[in-house]
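Peer 1: Here are the chains, one letter per residue:
Protein chains: 2
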Amino acid sequence: MNVIVAYFIFSCITAGVCAYMPLSKPFLRNRSKRMVHPYFRTPECSKAMSYTIASNNSLPMPCIILVNPSLDQNVGSVARAMLNFGVWDLRVVNPSCNILSGAARGLASGADEVLENAKTYDNLKSCIADLHCVYATTCRTREMNYEIMTPSRAAEDVMSTVNHEIRKKYGILFGCEKDGLSTEDVTLANAVISIPTFNQFASINLAQSVNILCYEMWRKQTEIANIAQPDSVFQKKSFDGFATHQDLEFLVNRLESCLDQISYYELHKDKKPRMSLLFRNIINRVSIYIGLIDNFKFY
Amino acid sequence: MNVIVAYFIFSCITAGVCAYMPLSKPFLRNRSKRMVHPYFRTPECSKAMSYTIASNNSLPMPCIILVNPSLDQNVGSVARAMLNFGVWDLRVVNPSCNILSGAARGLASGADEVLENAKTYDNLKSCIADLHCVYATTCRTREMNYEIMTPSRAAEDVMSTVNHEIRKKYGILFGCEKDGLSTEDVTLANAVISIPTFNQFASINLAQSVNILCYEMWRKQTEIANIAQPDSVFQKKSFDGFATHQDLEFLVNRLESCLDQISYYELHKDKKPRMSLLFRNIINRVSIYIGLIDNFKFY
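So the protein sequences, as listed, match chains A and B.
For the first sequence, my numbering gives the first residue as 1, with consecutive numbering after it.
For the second sequence, my numbering gives the first residue as 1001, with consecutive numbering after it.
In short, the hints are calculated from the structure, not lab data.
Honestly, I wouldn't trust all of these hints.
As the list claims (entries may be wrong) - So the derived label-pair ranges between C-beta atoms look like this:
{"id": "1", "chain 1": "B", "residue 1": "1273", "chain 2": "A", "residue 2": "132", "range": "24 to 34 angstroms"}
{"id": "2", "chain 1": "B", "residue 1": "1183", "chain 2": "A", "residue 2": "120", "range": "36 to 46 angstroms"}
{"id": "3", "chain 1": "A", "residue 1": "116", "chain 2": "B", "residue 2": "1140", "range": "25 to 35 angstroms"}
Stated by the list, open to error - Chain A is faced by these chain B residues, among others (derived, beta-carbon under 8 angstroms):
{"id": "4", "residue": "1141"}
{"id": "5", "residue": "1153"}
{"id": "6", "residue": "1198"}
{"id": "7", "residue": "1201"}
{"id": "8", "residue": "1225"}
{"id": "9", "residue": "1226"}
{"id": "10", "residue": "1233"}
{"id": "11", "residue": "1235"}
{"id": "12", "residue": "1276"}
{"id": "13", "residue": "1279"}
{"id": "14", "residue": "1284"}
{"id": "15", "residue": "1285"}
{"id": "16", "residue": "1289"}
In this text, a Cβ means the ideal position worked out from N, Cα and C, and glycines have one as well.
Between the sequences and the hints, there should be enough to build the whole structure, so can you do that?
Peer 2: In structure tokens form, the structure reads like this:
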């Protein structure tokens, strides 16, 4: 008998806490179909179009400038990270690697067009000639006066000209894998971006730094364009609302009548009020959906 | 003559806009030494202590759980990304690679202890047995009811128990490189984390996903501990304040008297009022520091 009760309570709790238990097949037939939040709908165009779509975006995105990169794989990873967040303009200054090698393309994992359209320069000055504002990423402090900002602050700056008639073009500098940017490179920048890290282990991989900068740019851009992913959303397979306290009360009563049917309290009559309280305490804490309670109406 | 004027204007503008021009050596002697913002001070202990310091942190950090990872390099990159943001507890379920190989250690780039102390499990259930709350990262929608949250929202949740006497232990699941998490794995999680990405190119590399999650955890943790990197800070080498409008007026007057000395306006007397306006317009827009203006007092 206790096994049945334990099973019953267990089902309620697991189903409720996780809200994951799928409804039985017959139940699904007459219910609304699976609904996907607009943000999560699979795009209709193919991945192959992604570079074209990103580069036609009317909102501003900075260009990513790699100064003296030395590993093909890193440049490939950078390209992938960029396109993951809709950043498409890659510039490479004096690379000591082949940015179109098989290894680079392998790591780009479909972002080949970012690599193929990347512009190569033999010095930083010519690379940034057409830009209005350039930020340098570095975790070392330098012997000069300059402003240091977080990636999210930099993203705010880049997006701040979104409503201006003439927009500023921004670029973000990343140094080579071994030494980062030289002080001469940093001097050409308007300000410095420092990614907040654990001070005792602060050296971030090149592609990981690009990843975080692009992530922040995308977050800020989608926020401005009012298409930001919601902080929290409920993905429904078949969902007709969360159970109210009245629905939960039904569940508690159903549970108690089950216990009565199996004469659970026969020997422990004094325990009934306390058990009843405990059931309410457990069940009222969880977030169950109505369909789940409906299931119990047939047993 | 025009060359001198052009040079003078050019110096003012470049120096001012960038505020980077270092002061000449004699000038530095009696000035305050280079000041570094406390957040950016180099830690006194060595990088070798980083794992120990991170794992003794009293603030909560989630553990990172890799389900069926297949590439040594990725696990190494994950370890580095974790320690960059003070996350240290790595768990690996049923790996089809050697997480202690030379390739893994190479990419870990000093975060070897994260790999060496990683616990390996043969199934996900035993891996999460001691955790109170588990989030699954995925970019695919599944046929079930569940909550989807952003990394920053997840970080808020993890840090929400910081003031509780008994803290919850959190874990974040990441699937294998090829297929991500299975629906069975996702069913074991309390909620789903979805990293906001460009919809047309949404598949993020494993280590890059870990990178973003850990970055958000670190940001939220430092915010709660009141040690967050400031959004913007001025790094000073030798700095005695920004020039006021009075200082800038001195600069404009100095410039005009230079022009008078070289009889610049002799032939173009009618242009003087307009030139004077233009100089003010240029110089009043820039943010110059006082030391820079002092330099001109000697010419």
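Peer 1: Take the hints in turn and mark each one as holding or not.
Peer 2: Verification of the hints:
1. B:1273 to A:132: 24 to 34 angstroms: holds, 30 angstroms
2. B:1183 to A:120: 36 to 46 angstroms: With a Cβ separation near 44 angstroms, residue 1183 of chain B and residue 120 of chain A satisfy 36 to 46 angstroms, so the hint holds.
3. A:116 to B:1140: 25 to 35 angstroms: Taking Cβ atoms as reference, residue 116 of chain A and residue 1140 of chain B lie about 28 angstroms apart, which means the hint holds.
4. 1141: holds, 5 angstroms
5. 1153: Holds. Min distance 4 angstroms.
6. 1198: holds, 4 angstroms
7. 1201: holds, 4 angstroms
8. 1225: violated, 12 angstroms
9. 1226: violated, 13 angstroms
10. 1233: holds, 5 angstroms
11. 1235: OK, holds: residue 1235 of chain B within 8 angstroms of chain A, min 5 angstroms.
12. 1276: violated, 27 angstroms
13. 1279: Given a least distance of 22 angstroms, the restraint on residue 1279 of chain B is violated.
14. 1284: For residue 1284 of chain B, the interface hint is violated, since the closest Cβ of chain A sits about 18 angstroms away, which is over 8 angstroms.
15. 1285: Check failed: Cβ of residue 1285 of chain B comes no nearer than 14 angstroms to chain A, outside 8 angstroms.
16. 1289: Since the shortest Cβ distance to chain A is 6 angstroms, the answer is holds.
Going down the numbered hints, you'll see the structure goes against 8, 9, 12, 13, 14 and 15, while the others check out.
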